[in-house]
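Spelled out, the chains give:
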Amino acid sequence: MLRDITLGQYYQANSRLHRLDPRVKLIATFLYIISLFLFKNITAYVIAALWLLLVIKMSKVPFKFMVKGLKPVMTIMILTVVCNMLFTKGTPLFSVWKITITYEGLKMAFYMIVRFVMLIVGSTIMTLTTTPNQLTDGLESVLKPLKKVKVPVHEVAMMMAIALRFIPILMEETDKIIKAQIARGADFESGNLLKRVKAMLPILIPLFVSAFRRANDLAMAMESRCYRGGDGRTKMKPLIYKIEDKKALVCVALYLFVLVAGGIAGNYLPI
Amino acid sequence: MAIIVDKLNYVYSDAGHQVQALQDISVVIPDGQFLGIIGHTGSGKSTFIQHLNGLLKASSGNIYYNGEDICHKDYDRKQLRSKVGLVFQYPEHQLFEADVFQDVCFGPKNLGLDRKQTELRAFTALRQVGVPEDLFYVSPFELSGGQKRRVAIAGVLAMEPEVLILDEPTAGLDPKGRDDLLDQLAKLHKERNMTIILVSHSMEDVANYAERILVMDKGKILFDQTPKEVFSHVKELEEIGLGAPQVTYVMQELKNKGFSVGTKMTTIEEAKVEILKVLKGR
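For the protein sequence lines, the chains are R and C, in the order given.
Those letters in the first sequence? Residues 1 to 271, per this note's numbering, in order.
Those letters in the second sequence? Residues 272 to 553, per this note's numbering, in order.
Read the hints as simulated data drawn from the structure, not as lab findings.
All values reported here derive from a predicted model rather than from experimental measurement.
A virtual CB, placed ideally from N, CA and C, is assigned to each residue, including glycine.
There could be a bad hint or two in this list.
[As the list claims (entries may be wrong)] Pair ranges (Cβ atoms, derived): (1) A457/C - K237/R: 49 to 55 Å; (2) Y346/C - A211/R: 31 to 37 Å; (3) L204/R - Q350/C: 52 to 58 Å; (4) V73/R - Q289/C: 39 to 45 Å; (5) Q455/C - M171/R: 30 to 36 Å; (6) G313/C - F110/R: 37 to 43 Å; (7) D231/R - A457/C: 54 to 60 Å; (8) A211/R - K489/C: 29 to 35 Å; (9) G512/C - S224/R: 27 to 33 Å; (10) Q289/C - P145/R: 26 to 32 Å.
[Stated by the list, open to error] Distance condition first, Cα-Cα at most 20 Å in a straight line; then the derived EDC-like pairs of lysine to aspartate or glutamate: (11) K328/C - D187/R; (12) K176/R - E439/C; (13) K461/C - E482/C; (14) K179/R - E462/C; (15) K489/C - E509/C; (16) K179/R - E431/C; (17) K179/R - E482/C; (18) K354/C - E462/C; (19) K176/R - D438/C; (20) K176/R - D285/C; (21) K349/C - D187/R; (22) K198/R - E368/C; (23) K328/C - E172/R; (24) K328/C - E509/C.
Sequences are here, hints too, so could you generate the full structure?
And the structure:
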């Protein structure tokens, strides 16, 4: 029952985007998200949408996977749209009972939803084309400058990598413990809330014990292989910018330039 | 009364692929039998036994326990689980209570028994698996591996099942712990006429204790015979990553060296008798 859940939604494919250095993807996604908030006119959004479509096309990931990323935030999106529509003052278009819909409200809601969708889809593409391990590697490398201000970048990245590594294992373990307790007659479905929370204890306690045991074993294994933290540590697959990565960065810069130009021009358009 | 498995199939999807874990399993397990199940990792042994107490739902096919279809939607599976006790691999990972005694009480308590009955059963179960009384009120996490295993098995025994299924109960135990545990199972089998289903990797274990052996491979039953018959197919067993008990190989070697011994022996006891007989005859 729990094996259906997969964390990190990496989609295996062989595209240019998949082969890109994770740092480039991180930076590009970051810049893209910022770019969405720079301007608030139709030209800028069209440029951003075109860029997004191009990237989706390049990623070779089926479109439905992008839409999947939108599902969990659907409620927030709808709420934002409704709030914007209802509470923005301006020229009234029509009104029903006490509710007045204004032109500005509709515009605001439209922009909001476009921004939201593009933001989510944009970052979904990154997680779809980058394995969690690559992602942590990239993050560690990108955040390296923070070491100067005593942020333990390597340690945080290592913790993330380990956590990601252990999620499937702990899922499987949970599944096993649940089954073992059901076999001992445990009932997780009936009773009131308090009773059900109490019924979780026979799952949670063994799970914690096992998590600690595994953490202990792992720490021991790491130490016996002389792990001493990040200083002077080399990587099996070091991240090196290749010509493709540089090209990609130039493309991103180009996109930003076009967007800024289009955005400024758009401010003078009547819409 | 018995367990009747009729054309059981189990299919699950893994990362978008359909995997046939069990294929047309049909078997009748009469009351009071000591059944061994052997098979390579991934042969479907664990999946199969999880069907017997309703933890997994068959994709198709039926399982009858005492004449009742356990796959039927109205069947009381909670009741079934008290009748068919399942001890998972590494059962010590399921312990959670503050002390050993309370942990063993978990099962009978879930059956809705009163306190007296619960405690009586827990006490009996702990005694049956040979946990000394001075350990009853110790935290289960302080016990050694072998003791934890016994406590966990007692946790299932305390529900007083009619059928006891154990998935590799001896994995990770030292030789003495293994022998003790298996002897206790044999005792339960004999004294309480309990049906015991033992899933194992060890050919010796099943050869020594089981009356009948199911050999599983790729979700199917390859052999369903007595230990002697099963271990006469050494070649086929080796092809699927299993083998015969070591003593069978020893007898084979003796024969190759020119001793006129039989090669059907599967336990050390039988081999001893045979070797002595041959030596005396010389």
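How the hints compare with the structure:
{"no.": "1", "hint": "A457/C - K237/R: 49 to 55 Å", "result": "54 Å, holds"}
{"no.": "2", "hint": "Y346/C - A211/R: 31 to 37 Å", "result": "36 Å, holds"}
{"no.": "3", "hint": "L204/R - Q350/C: 52 to 58 Å", "result": "26 Å, violated"}
{"no.": "4", "hint": "V73/R - Q289/C: 39 to 45 Å", "result": "32 Å, violated"}
{"no.": "5", "hint": "Q455/C - M171/R: 30 to 36 Å", "result": "34 Å, holds"}
{"no.": "6", "hint": "G313/C - F110/R: 37 to 43 Å", "result": "54 Å, violated"}
{"no.": "7", "hint": "D231/R - A457/C: 54 to 60 Å", "result": "58 Å, holds"}
{"no.": "8", "hint": "A211/R - K489/C: 29 to 35 Å", "result": "34 Å, holds"}
{"no.": "9", "hint": "G512/C - S224/R: 27 to 33 Å", "result": "31 Å, holds"}
{"no.": "10", "hint": "Q289/C - P145/R: 26 to 32 Å", "result": "49 Å, violated"}
{"no.": "11", "hint": "K328/C - D187/R", "result": "17 Å, holds"}
{"no.": "12", "hint": "K176/R - E439/C", "result": "15 Å, holds"}
{"no.": "13", "hint": "K461/C - E482/C", "result": "12 Å, holds"}
{"no.": "14", "hint": "K179/R - E462/C", "result": "29 Å, violated"}
{"no.": "15", "hint": "K489/C - E509/C", "result": "14 Å, holds"}
{"no.": "16", "hint": "K179/R - E431/C", "result": "19 Å, holds"}
{"no.": "17", "hint": "K179/R - E482/C", "result": "28 Å, violated"}
{"no.": "18", "hint": "K354/C - E462/C", "result": "17 Å, holds"}
{"no.": "19", "hint": "K176/R - D438/C", "result": "12 Å, holds"}
{"no.": "20", "hint": "K176/R - D285/C", "result": "17 Å, holds"}
{"no.": "21", "hint": "K349/C - D187/R", "result": "9 Å, holds"}
{"no.": "22", "hint": "K198/R - E368/C", "result": "13 Å, holds"}
{"no.": "23", "hint": "K328/C - E172/R", "result": "18 Å, holds"}
{"no.": "24", "hint": "K328/C - E509/C", "result": "32 Å, violated"}
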